[in-house]
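Engineer: Protein sequence lines, in the order shown, are assigned to chains A and B.
Here full-length UniProt numbering is used: the first residue of the first sequence is 1, the next is one more, and so on.
Here full-length UniProt numbering is used: the first residue of the second sequence is 1, the next is one more, and so on.
Any given hint might turn out to be false.
Heads up, the list lumps identical chains together, so a pair's fine if it works in one copy or across two of them.
Claimed, not checked - Taking lysine to any residue pairs in the SDA-like style, the calculated list, with each CA pair at most 25 Å apart, reads:
| id | residue 1 | residue 2 |
| --- | --- | --- |
| 1 | 120 | 100 |
| 2 | 120 | 309 |
| 3 | 120 | 64 |
It is worth saying that the hints were derived from the structure and are not from the lab.
Below, each chain spelled out in residue letters.
Number of protein chains: 2
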Amino acid sequence: MTASGATSGLPDRVHVREVGPRDGFQNEPETIPTAVKVELVQRLVKAGVTRLELTSFVRADVIPQLADAAELLRAVELPDAVSVSVLIPNERGLDVALELRDRFDEVNVFLSASETHNRKNVNRSVADSLAGVERVIGRARAAGLRCQGTIATAFGCPYEGRVEPARVAEIARALQAAGCEEVAFGDTTGMANPAQVRSLFPRWAEALPGAELTAHFHNTRGQGLANVLAALDAGVSSFESSFGELGGCPVPVGATGNVASEDMVSMLHEMGVETGIDLDGLLDAARAAQAHLGRPLSSHVLTSGPIEWSTAHA
Amino acid sequence: MTASGATSGLPDRVHVREVGPRDGFQNEPETIPTAVKVELVQRLVKAGVTRLELTSFVRADVIPQLADAAELLRAVELPDAVSVSVLIPNERGLDVALELRDRFDEVNVFLSASETHNRKNVNRSVADSLAGVERVIGRARAAGLRCQGTIATAFGCPYEGRVEPARVAEIARALQAAGCEEVAFGDTTGMANPAQVRSLFPRWAEALPGAELTAHFHNTRGQGLANVLAALDAGVSSFESSFGELGGCPVPVGATGNVASEDMVSMLHEMGVETGIDLDGLLDAARAAQAHLGRPLSSHVLTSGPIEWSTAHA
Numbered sequence: 001m002t003a004s005g006a007t008s009g010l011p012d013r014v015h016v017r018e019v020g021p022r023d024g025f026q027n028e029p030e031t032i033p034t035a036v037k038v039e040l041v042q043r044l045v046k047a048g049v050t051r052l053e054l055t056s057f058v059r060a061d062v063i064p065q066l067a068d069a070a071e072l073l074r075a076v077e078l079p080d081a082v083s084v085s086v087l088i089p090n091e092r093g094l095d096v097a098l099e100l101r102d103r104f105d106e107v108n109v110f111l112s113a114s115e116t117h118n119r120k121n122v123n124r125s126v127a128d129s130l131a132g133v134e135r136v137i138g139r140a141r142a143a144g145l146r147c148q149g150t151i152a153t154a155f156g157c158p159y160e161g162r163v164e165p166a167r168v169a170e171i172a173r174a175l176q177a178a179g180c181e182e183v184a185f186g187d188t189t190g191m192a193n194p195a196q197v198r199s200l201f202p203r204w205a206e207a208l209p210g211a212e213l214t215a216h217f218h219n220t221r222g223q224g225l226a227n228v229l230a231a232l233d234a235g236v237s238s239f240e241s242s243f244g245e246l247g248g249c250p251v252p253v254g255a256t257g258n259v260a261s262e263d264m265v266s267m268l269h270e271m272g273v274e275t276g277i278d279l280d281g282l283l284d285a286a287r288a289a290q291a292h293l294g295r296p297l298s299s300h301v302l303t304s305g306p307i308e309w310s311t312a313h314a
Numbered sequence: 001m002t003a004s005g006a007t008s009g010l011p012d013r014v015h016v017r018e019v020g021p022r023d024g025f026q027n028e029p030e031t032i033p034t035a036v037k038v039e040l041v042q043r044l045v046k047a048g049v050t051r052l053e054l055t056s057f058v059r060a061d062v063i064p065q066l067a068d069a070a071e072l073l074r075a076v077e078l079p080d081a082v083s084v085s086v087l088i089p090n091e092r093g094l095d096v097a098l099e100l101r102d103r104f105d106e107v108n109v110f111l112s113a114s115e116t117h118n119r120k121n122v123n124r125s126v127a128d129s130l131a132g133v134e135r136v137i138g139r140a141r142a143a144g145l146r147c148q149g150t151i152a153t154a155f156g157c158p159y160e161g162r163v164e165p166a167r168v169a170e171i172a173r174a175l176q177a178a179g180c181e182e183v184a185f186g187d188t189t190g191m192a193n194p195a196q197v198r199s200l201f202p203r204w205a206e207a208l209p210g211a212e213l214t215a216h217f218h219n220t221r222g223q224g225l226a227n228v229l230a231a232l233d234a235g236v237s238s239f240e241s242s243f244g245e246l247g248g249c250p251v252p253v254g255a256t257g258n259v260a261s262e263d264m265v266s267m268l269h270e271m272g273v274e275t276g277i278d279l280d281g282l283l284d285a286a287r288a289a290q291a292h293l294g295r296p297l298s299s300h301v302l303t304s305g306p307i308e309w310s311t312a313h314a
């Protein structure tokens, strides 16, 4: 019953960036030992992940869960085919990261489209954040790194409500002008809906000729995969997700965060859209994370198992 | 940020049938007392539910959770605007139901498209089930009841894998010919994907001129709302769901069953598609069910709360 992407009007293949090792591990109450991180990352790569947000160079007193960023970068052995990304919050973070320049390929810089969210997140105005981000991009480009810019609350803000799409486009254009080859649009607290996604991505694509547009959805209200489908319809072919449904700053506590990689990959493959990722291998990584964390993770396919189209059970 | 259904290419309004009181209550390990059922149903109706699958006339020794079918039908006071449906497994069930003919409006009859699933479910061949269902429909129509036929495993069977869409259409045509005004297509174990949904509903609609086609999705692999979106795209404007994400025979244990009504209604309203249901009222009913059952229910919006577009938090 698996369709072909070509016959369904969907793309044949999309990019998937696995963000669990940064976004997921950062949000765990107990810091995951570096050796465990290495093992989980290697399972992800074995499953075929080729885009990986590995860690962030943030201050250890702010996010102790990622205090081992340099150690982790040194410890993981990844094939050349894997493009390793690190999240860079500021120039100081870039300074530390550049000491390990040969261990990663991309930087991800970020800011919010909403003033209130940006102030609560990094205690700065959007304009100040953008100026800092532009300096990071300039220096990262000079070091030969590929740059991705992420715009949080791009579909709505929990404090301000509506976020003006034209304002999001303006920030995105500034990121591209500064040197970002890729701009990611984050649905930070799960406020996006598919009609909105279908309406906004074409506008943003028009504003960003030549840029790669990436969709980063949360499943807070259960609409994560519906938004992925809507983004595919709107021409998006780059997605971010987190194995085991880890991370994504669940607010309120108990709410779902990031779209689960295994649920997204399962849907994409069932529709005939290739990802290059082996679903069983991805589930293996999620099960290993679950065993380490000692609590059931909430991705659906991890619980239900993948769809079996064979007649083996008959 | 809420869109208008009209401008998004989606319908302005859809029908939602709430199946929790039958499908959900039937799958609870502990039978819910009739008085609690009455209270929950009245909360649902207060929220604006106008299509309601209330119970089933099955043998009490087979499904003790619904042994109070007659008592429940007598006890609930529902406005005329609510179309009450009961699930009828066979002629004996219809005999009992007809003693309360003035207390409900519709019958729902069912069979599987897959031989193996049908045998495991009701210990009969599909042909034998269809013959029995046709007799029930004939007698129900004679009693002035509206008839809905539900085809389980319409998108895939956990035992047989692929289910031939032409075979599903054939069964659907037989149901319509026997007198069903509405045919529901059930994704019984969550094997449907959006590309398949977009491909199949137009074929089935062509085979069933004049019939109402209803989509009944499960969220087993997290694709429930993506399939709802795909069905909307394919012209479907009638859906079934269960408040609190109750029921839907979760297999394996722990897996998600039916699409949660509150998650579906939230997505529909955010897209500008009206349902006539008040989301807060629906959440109120789900919270009451959660309090009675004494365990957290897993619908997303129940955990996260509805989306707030106001600036009240700023």
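Engineer: Hints first: check each against the structure and report whether it holds.
Structural biologist: A quick look at each hint next to the structure:
1. Taking CA atoms no more than 25 Å apart as the test, residue 120 paired with residue 100 passes in neither setting, with 30 Å inside one copy and 60 Å between copies.
2. For a Cα distance limit of 25 Å, the shortest separation of residue 120 from residue 309 across copies, 18 Å, qualifies, whereas the shortest one inside one copy, 48 Å, does not.
3. For the identical chains of this complex, residue 120 and residue 64 are intra-copy neighbours only, at 19 Å inside a copy versus 53 Å across copies, given an alpha-carbon limit of 25 Å.
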